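Novice: Here the UniProt record's numbering is used: the first residue of the sequence shown is 1, the next is one more, and so on.
Quick caveat, the hints were computed from the structure, so don't treat them as lab data. The structure displayed is predicted, hence computed values, not measured ones. Misleading hints may appear alongside valid ones.
Here are the simulated DSSO-like pairs of lysine-lysine, each with C-alpha atoms no more than 27 Å apart in a straight line [claimed, not checked]:
1. Lys193 <-> Lys117
2. Lys424 <-> Lys103
3. Lys436 <-> Lys424
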Amino acid sequence: MFLSKSKSISSRIFLRSFKTPQKSIQFSRGYSNNPSIGTRVSNTAFGLVGIALAGFFGFYVTDSRSNIHEYITVPLMQQLDAEKAHYLSIKALSYGLGPVDRKQDNECLKTEIWGMKLSNPIGLAAGYDKNGEVADKLLDLGFGAVEVGSITPKPQEGNPRKRLFRLSNNNAAINRMGLNNDGFDVVKSRLKKRFWNNVANQQLDNEENAKTSVSQAKHTINKSGRDNRLLGINISKNHSSPSDSDQDFLDGIDQLGSLADYVVINVSCPNVTNLGAGSDLILLDKTMKSARTHCDALGTKKPALVIKLGPDYTENDLKLISELALKNDIDGIITSNTSRSRPECLKSDEPNASEMGGLSGPPIRNLSLNTTRLVYKFTNGKIPIIGCGGVSSAEDVLEYGRAGASFVQLYTGMVYTGPGIVSKIKDDMVVLLNGKKWDDIVGSGHKSN
1 MFLSKSKSIS
11 SRIFLRSFKT
21 PQKSIQFSRG
31 YSNNPSIGTR
41 VSNTAFGLVG
51 IALAGFFGFY
61 VTDSRSNIHE
71 YITVPLMQQL
81 DAEKAHYLSI
91 KALSYGLGPV
101 DRKQDNECLK
111 TEIWGMKLSN
121 PIGLAAGYDK
131 NGEVADKLLD
141 LGFGAVEVGS
151 ITPKPQEGNP
161 RKRLFRLSNN
171 NAAINRMGLN
181 NDGFDVVKSR
191 LKKRFWNNVA
201 NQQLDNEENA
211 KTSVSQAKHT
221 INKSGRDNRL
231 LGINISKNHS
241 SPSDSDQDFL
251 DGIDQLGSLA
261 DYVVINVSCP
271 NVTNLGAGSD
281 LILLDKTMKS
291 ARTHCDALGT
301 KKPALVIKLG
311 PDYTENDLKL
321 ISELALKNDI
331 DGIITSNTSR
341 SRPECLKSDE
351 PNASEMGGLS
361 GPPIRNLSLN
371 TTRLVYKFTN
381 GKIPIIGCGG
391 VSSAEDVLEY
401 GRAGASFVQL
411 YTGMVYTGPG
421 IVSKIKDDMV
431 VLLNGKKWDD
441 IVGSGHKSN
């Protein structure tokens with residue numbers, strides 16, 4: 001009986017072992033292995049829509065004209081310490097995470113300076129890409145020119161932190177960075193590698209042309225590596241260098257000049273104390289003369305030589321400096337650097353308004369515009385001027401143009417508006433020019449005087 005009962009139980013277990021998998025197989029067949037045509041079409045459609053949406057979102061996010069940068073990215077970055085946010089933005093660009101201006105520049109924005117063409121007159125000021133790490137990514141944003149630096153002979157850490165402060169109610173900033181940078185050797189190696197990579201990527205018509213291009217590239221290709229775009233290198237002095245010495249500037253021209261479309265002698269940084277040429281006109285004259293000689297010695301494709309001034313000079317100082325620039329065949333003048341002054345228009349309710357350092361952004365716009373007007377007047381428009389200070393809109397650019405600037409630079413405006421500021425300014429300029437050309441605007445404010 002025990003055997004009979006055991007056999008009966010075994011039989012039931014044996015039978016169940018066949019029945020359960022059959023149900024499982026039926027379930028699987030009904031829903032996975034043999035879906036209906038309608039289900040397959042639906043699944044395919046959903047997949048294609050998902051891919052399309054992902055592609056569209058990716059395209060949108062990487063477009064410099066996308067509002068996501070101004071209304072999402074910038075507010076998020078504003079929650080971070082200013083210097084940390086700057087560091088992260090450089091890292092993001094270095095990993096290719098920055099947007100791109102995919103629109104060709106309008107013909108009315110084109111100009112020419114120092115015998116080189118610019119597709120638009122909007123440049124990035126020195127101070128953002130201090131070490132030449134992301135010049136190409138910045139050009140991708142749509143800038144007509146990018147200036148790296150300031151760079152000093154030896155690496156230096158700059159001033160103690162905290163040293164960079166937002167003035168959000170003014171869309172301004174105060175910095176006392178102190179020229180922190182990697183030094184000539186590191187930056188030279190980085191920019192040299194970048195240049196030859198760009199040469200290798202040039203679209204060459206044939207092998208003969210390729211040989212010619214490689215052998216002559218050092219003298220025939222813009223150092224930006226792109227047609228109608230420029231790369232500038234800003235040079236300054238180490239803290240330890242004597243105030244009355246210009247050797248750091250000359251060494252910078254010798255080592256870095258061949259990698260630049262223009263070099264900038266920065267005699268006006270407000271955060272260091274040994275830039276004697278910024279206040280001593282005799283030393284400035286000597287520096288200009290020596291720098292001119294060293295630039296000319298660089299050969300066929302010598303860089304343009306530019307002097308960067310501050311906005312706090314008196315009118316008489318600017319007159320004398322302009323005369324020196326004409327005398328020493330200086331190719332360009334940047335007007336201007338950050339300011340030690342605190343204009344009345346600066347809103348006093350800012351928690352950081354009392355910090356020491358150079359002020360940048362809209363509060364110094366009038367100071368820099370006045371410097372631009374005076375330098376244009378004193379040089380009779382014979383030396384191209386790069387206007388800089390408080391540029392954040394197309395209206396600002398046109399105002400600098402009328403004051404005499406051949407092209408302009410911005411930096412702080414990008415901090416508050418995001419990388420799309422370049423594209424927006426260019427689009428708005430086309431509308432405001434209303435059929436005129438940028439070249440028609442330059443210096444036009446002086447013609448009725």
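Novice: Next step is simple, just say for each hint if it's right about the structure.
Specialist: Evaluation of the provided hints:
no., hint, result
1, Lys193 <-> Lys117, "24 Å, holds"
2, Lys424 <-> Lys103, "11 Å, holds"
3, Lys436 <-> Lys424, "18 Å, holds"
Every hint, counting from the list given before, is met by this structure.
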